[in-house]
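Student: Here is how the chains run, residue by residue.
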Amino acid sequence: DQQVKQNSPSLSVQEGRISILNCDYTNSMFDYFLWYKKYPAEGPTFLISISSIKDKNEDGRFTVFLNKSAKHLSLHIVPSQPGDSAVYFCAAQAGGTSYGKLTFGQGTILTVHP
Amino acid sequence: NAGVTQTPKFQVLKTGQSMTLQCAQDMNHNSMYWYRQDPGMGLRLIYYSASEGTTDKGEVPNGYNVSRLNKREFSLRLESAAPSQTSVYFCASPKYSGSSVPGELFFGEGSRLTVL
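In order, the protein sequence lines correspond to chains A and B. Be aware that the first sequence starts at 22, since it is given in the working numbering, and climbs by one per residue. Be aware that the second sequence starts at 32, since it is given in the working numbering, and climbs by one per residue.
Next comes chain B alone, as it looks inside the complex:
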């Protein structure tokens, strides 16, 4: 099925540990995004990549790094996890190439991360 695939779906970390969230899209789109969802805050943009080889900060980039490995894959890394990074993380890509609806994104199912 076409779409956005995220791994892992669940992860528990201890403070200070590191981990990488993986995201892959098979829609051959240039841009990809990482959002986090927290109760009472909606979704907030962490980082995005407009095309292969480029990445830019979003609204809440502190504590994260990203890698756009190739056109398909966009990973999010937590170098030293903190309890404030407990959240649900969503990867997204435009739903249609050259979509006539700006902002119409296809989201993955999410990765639920708990930092103890």
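If we strip away everything but chain A, and leave its shape as in the complex, we get:
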């Protein structure tokens, strides 16, 4: 049972436009959500996170939105740059003693064309 799902395996956007990556979850115990970015032959790197008590968090070009009632979160990248081309993983954590025990989505391959 996939508790965190990224239903779009890939996304292609033009440089300068907005990239929107989506993620759905089923476990109501998740209270922290994160996005990781991964380049080929490297480990994932943390990008941005959001607590379940918030509905939006911004960090420069990156914004994460959380809709708890719909169990849905999204990552917006504005403006998109070619260097943003990577695999993006959504991840969730149940908190408390679950620190670091993340449940990941399948990933979305983002390609930003110059």
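Incorrect hints may appear among the rest.
What the hints assert, rightly or not - Sample of chain A residues with no beta-carbon within 12 Å of chain B, all distances over it, derived: (1) E36; (2) G37; (3) I39; (4) N43; (5) K92; (6) V99.
What the hints assert, rightly or not - Using 25 Å as the maximum straight-line C-alpha spacing, the simulated DMTMM-like pairs for lysine to aspartate or glutamate come out as follows: (7) B/K126 - B/E110; (8) A/K122 - B/E90; (9) A/K26 - B/D69; (10) A/K75 - A/D52; (11) A/K122 - B/D57; (12) A/K77 - A/E36; (13) A/K58 - B/D57; (14) B/K40 - B/E90; (15) A/K89 - A/E63; (16) A/K92 - B/E104; (17) A/K58 - B/E90; (18) B/K102 - B/E140; (19) A/K122 - B/E83; (20) B/K126 - A/D80; (21) A/K77 - A/D45; (22) B/K45 - B/E83; (23) B/K40 - B/E110; (24) A/K58 - B/E83.
Simulated from the structure, these hints should not be mistaken for laboratory data. The beta-carbon is built from N, C-alpha and C at its ideal position, and this holds for glycine as well.
Guided by the hints, dock chain B onto chain A, whose structure is given.
Tutor: For chain B alone, coordinates are given in the frame of chain A:
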């Protein structure tokens, strides 16, 4: 450079062979984690260690054993490798001690394992 170091980076095994993946972190953190990444599955937690001397199963522990040798090192052992264990393995540790961002992990570069 501070971080998480994994060895080896690549390994090819035959079914039934054994091997150990090594992981070391120099950030002096208590907890360490082993994940595997498979196409279409994302990353899945195999085992974790909350502190030196303790280990616990994650989501997919079958076929693996771990050892938390000391605070720095956390190894993952495949006693009898199977083709289903062909994967990329990542070791991780919290990025900051007492991080205010739960789940923010620093990952190693990965170990690509192929079992024939």
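Student: Taking the hints in turn, state whether each one holds.
Tutor: So, going through the hints one by one against the coordinates:
{"no.": "1", "hint": "E36", "verdict": "27 Å, holds"}
{"no.": "2", "hint": "G37", "verdict": "29 Å, holds"}
{"no.": "3", "hint": "I39", "verdict": "24 Å, holds"}
{"no.": "4", "hint": "N43", "verdict": "14 Å, holds"}
{"no.": "5", "hint": "K92", "verdict": "17 Å, holds"}
{"no.": "6", "hint": "V99", "verdict": "22 Å, holds"}
{"no.": "7", "hint": "B/K126 - B/E110", "verdict": "30 Å, violated"}
{"no.": "8", "hint": "A/K122 - B/E90", "verdict": "9 Å, holds"}
{"no.": "9", "hint": "A/K26 - B/D69", "verdict": "15 Å, holds"}
{"no.": "10", "hint": "A/K75 - A/D52", "verdict": "10 Å, holds"}
{"no.": "11", "hint": "A/K122 - B/D57", "verdict": "20 Å, holds"}
{"no.": "12", "hint": "A/K77 - A/E36", "verdict": "24 Å, holds"}
{"no.": "13", "hint": "A/K58 - B/D57", "verdict": "23 Å, holds"}
{"no.": "14", "hint": "B/K40 - B/E90", "verdict": "23 Å, holds"}
{"no.": "15", "hint": "A/K89 - A/E63", "verdict": "32 Å, violated"}
{"no.": "16", "hint": "A/K92 - B/E104", "verdict": "37 Å, violated"}
{"no.": "17", "hint": "A/K58 - B/E90", "verdict": "22 Å, holds"}
{"no.": "18", "hint": "B/K102 - B/E140", "verdict": "20 Å, holds"}
{"no.": "19", "hint": "A/K122 - B/E83", "verdict": "17 Å, holds"}
{"no.": "20", "hint": "B/K126 - A/D80", "verdict": "18 Å, holds"}
{"no.": "21", "hint": "A/K77 - A/D45", "verdict": "16 Å, holds"}
{"no.": "22", "hint": "B/K45 - B/E83", "verdict": "32 Å, violated"}
{"no.": "23", "hint": "B/K40 - B/E110", "verdict": "19 Å, holds"}
{"no.": "24", "hint": "A/K58 - B/E83", "verdict": "29 Å, violated"}
When each numbered hint is compared with the structure, violations occur for hints 7, 15, 16, 22, 24.
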